[in-house]
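Using the hints provided, position chain B relative to the given structure of chain A.
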Amino acid sequence: MAGLKEIRKRISSVKSTKQITKAMKMVSAAKFRRAQTRILELRPYAEKMQTVLSNLAATVDTGHPLLEIRIKKKVEIIALTGDKGLCGAFNTNIMKAVIKTVKEKQSEDVEVSLSAIGKKGTDLVKRRGLPLRQSWTGLAGRISYLNAQEIAKDIIENYINETFDEVVLVYNEFKSALVQKVSVVRLLPLAKVVSEEPQEFSLPFAYEPSQQAIFDTMLPKNLEIQIFRALLESQASEEAARMTSMENATKAADDMIASLTLQYNKARQASITKELMDIVGGVEALKH
Amino acid sequence: MEGRIKLDIVTPHGLVLSEDVDEITAPGSEGEFGVLAGHESFITSLSIGVLTCKAGSKTEYVFINSGYIEVTAERVIVLADSAERSEDIDAERAAAAKQRAEERLKHADNVDFARATAALERATTRIQLVQKK
Numbered sequence: 001m002a003g004l005k006e007i008r009k010r011i012s013s014v015k016s017t018k019q020i021t022k023a024m025k026m027v028s029a030a031k032f033r034r035a036q037t038r039i040l041e042l043r044p045y046a047e048k049m050q051t052v053l054s055n056l057a058a059t060v061d062t063g064h065p066l067l068e069i070r071i072k073k074k075v076e077i078i079a080l081t082g083d084k085g086l087c088g089a090f091n092t093n094i095m096k097a098v099i100k101t102v103k104e105k106q107s108e109d110v111e112v113s114l115s116a117i118g119k120k121g122t123d124l125v126k127r128r129g130l131p132l133r134q135s136w137t138g139l140a141g142r143i144s145y146l147n148a149q150e151i152a153k154d155i156i157e158n159y160i161n162e163t164f165d166e167v168v169l170v171y172n173e174f175k176s177a178l179v180q181k182v183s184v185v186r187l188l189p190l191a192k193v194v195s196e197e198p199q200e201f202s203l204p205f206a207y208e209p210s211q212q213a214i215f216d217t218m219l220p221k222n223l224e225i226q227i228f229r230a231l232l233e234s235q236a237s238e239e240a241a242r243m244t245s246m247e248n249a250t251k252a253a254d255d256m257i258a259s260l261t262l263q264y265n266k267a268r269q270a271s272i273t274k275e276l277m278d279i280v281g282g283v284e285a286l287k288h
Numbered sequence: 289m290e291g292r293i294k295l296d297i298v299t300p301h302g303l304v305l306s307e308d309v310d311e312i313t314a315p316g317s318e319g320e321f322g323v324l325a326g327h328e329s330f331i332t333s334l335s336i337g338v339l340t341c342k343a344g345s346k347t348e349y350v351f352i353n354s355g356y357i358e359v360t361a362e363r364v365i366v367l368a369d370s371a372e373r374s375e376d377i378d379a380e381r382a383a384a385a386k387q388r389a390e391e392r393l394k395h396a397d398n399v400d401f402a403r404a405t406a407a408l409e410r411a412t413t414r415i416q417l418v419q420k421k
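Protein chains in written order, with our numbering: chain A, 1 to 288; chain B, 289 to 421.
Same shape as in the complex, but just chain A:
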């Protein structure tokens, strides 16, 4: 059995770890609430925008470059991760899905390029020895619409220059505080979604000032919004995942402290008993 002093030392070290995990959990909880509000506010807008655009894309046949489906020669895969770890399988799940998608595309004989949003994703891509086209880091905590605009601009430019013919984004979709789902979505070309209520939209739409003018501003805007949404979804998921994993770490520390305390008390008891035995033994020896 370990010495009393050593056990005491371990207990105090576990206690201070517990304090840290507990504090991190509280910080994540606060960040999570903020992130959750933002994503819940944005969702209806993003969804309506998607509806409006897919109705449009389904009813008209335009030559807009962002809607055009080209022969797939090169696919860009973007991994959306966090800047920090200590959030369970949050980042690992993304990487698993990315690797899977890469393999799928490669089996279709399509070239793949990778980009990452978030420091963890950047590191993970590099560590696997995969080529990294572009990386955006330092977004965590203060995601603004400008971040989404910057990313969208880069993607659109490269798409129009035919650096790649398809863009796929892998991110954690926020379901609830306990559930996050890895989501793989195609950003470009914009999908021609088959409408669930076709009769409503079979009428041709009129455009003011012109179809071209509307598409020219609305399509990039939509991409920005979809990216912004993914950023916020991912942020909420990350904080939720961190909250859960810190909660578990705190619980584990509690269990550990309990078992160490028990061990400590047993050891203390044993040493007291031993001392008593010595004294009693000594007294007995004197009597005779």
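Any given hint might turn out to be false.
Unchecked claim - In the DSS-like style, the derived pairs of lysine-lysine whose C-alpha atoms are separated by at most 30 Å in a straight line are:
| hint | chain 1 | residue 1 | chain 2 | residue 2 |
| --- | --- | --- | --- | --- |
| 1 | B | K342 | A | K48 |
| 2 | B | K346 | A | K48 |
| 3 | A | K25 | A | K15 |
Said to hold, decoys possible - Chain B is faced by these chain A residues, among others (derived, beta-carbon under 8 Å):
| hint | residue |
| --- | --- |
| 4 | L42 |
| 5 | P44 |
| 6 | Y45 |
| 7 | M49 |
| 8 | L56 |
| 9 | A206 |
| 10 | P209 |
In case anyone wonders, no lab produced these hints; they're calculated from the structure.
All C-beta atoms, glycine included, are put in the ideal place defined by N, C-alpha and C.
Okay, now just chain B, sitting in the frame of chain A:
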């Protein structure tokens, strides 16, 4: 209800309004226009302005800061960069914004000019809407 339009106004900061209304007047980029039920399907962009919707005897005014509107026979979706119902407008903030924008316009170079003009227009529209009530 028969003859009514389902109006949804959404912004990146949340749903502003979702109601069944009789009549809508919206600030289109090509000029203000009205919508009644059974309107032809069309899409246009919106400029800074005030959207008016009437439901029965009730009239509501909503400040719209640019965006898009999709009109179909029985439904209207407004995608605005931001929007506020007239009762939610912060008059003091709008007044302060107006002052700031005017200040900037006085000694603005070309880059800031468009932004300051837009800011001024937003502030003025908000103030007008508050006073209208």
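Cross-check of the supplied hints:
Pair hint K342 (chain B) plus K48 (chain A) holds up; C-alpha atoms about 23 Å apart against a cutoff of 30 Å. A C-alpha spacing of about 26 Å is found between K346 (chain B) and K48 (chain A), which places the hinted pair at or below 30 Å, so the restraint holds. Between K25 (chain A) and K15 (chain A), the direct Cα distance comes to roughly 15 Å. Compliance with the 30 Å bound is thereby established for this hinted pair. Because the beta carbon of L42 (chain A) sits about 5 Å from the nearest beta carbon in chain B, less than 8 Å, this interface hint is met.
For P44 (chain A), the interface hint holds, since its Cβ comes within 8 Å of a Cβ in chain B; the closest pair sits about 5 Å apart. The closest approach between the C-beta of Y45 (chain A) and any C-beta of chain B is roughly 4 Å, which is under the 8 Å cut-off, so the hint is satisfied. Look at M49 (chain A): its Cβ gets to within about 6 Å of chain B, closer than 8 Å, so that hint holds up. Against a cut-off of 8 Å between C-beta atoms, the interface hint on L56 (chain A) holds, since the closest Cβ of chain B lies about 7 Å away.
Look at A206 (chain A): its Cβ gets to within about 4 Å of chain B, closer than 8 Å, so that hint holds up. Because the closest C-beta pair between P209 (chain A) and chain B is about 6 Å apart, less than 8 Å, the hint holds.
Hint compliance for this structure: every hint is met.
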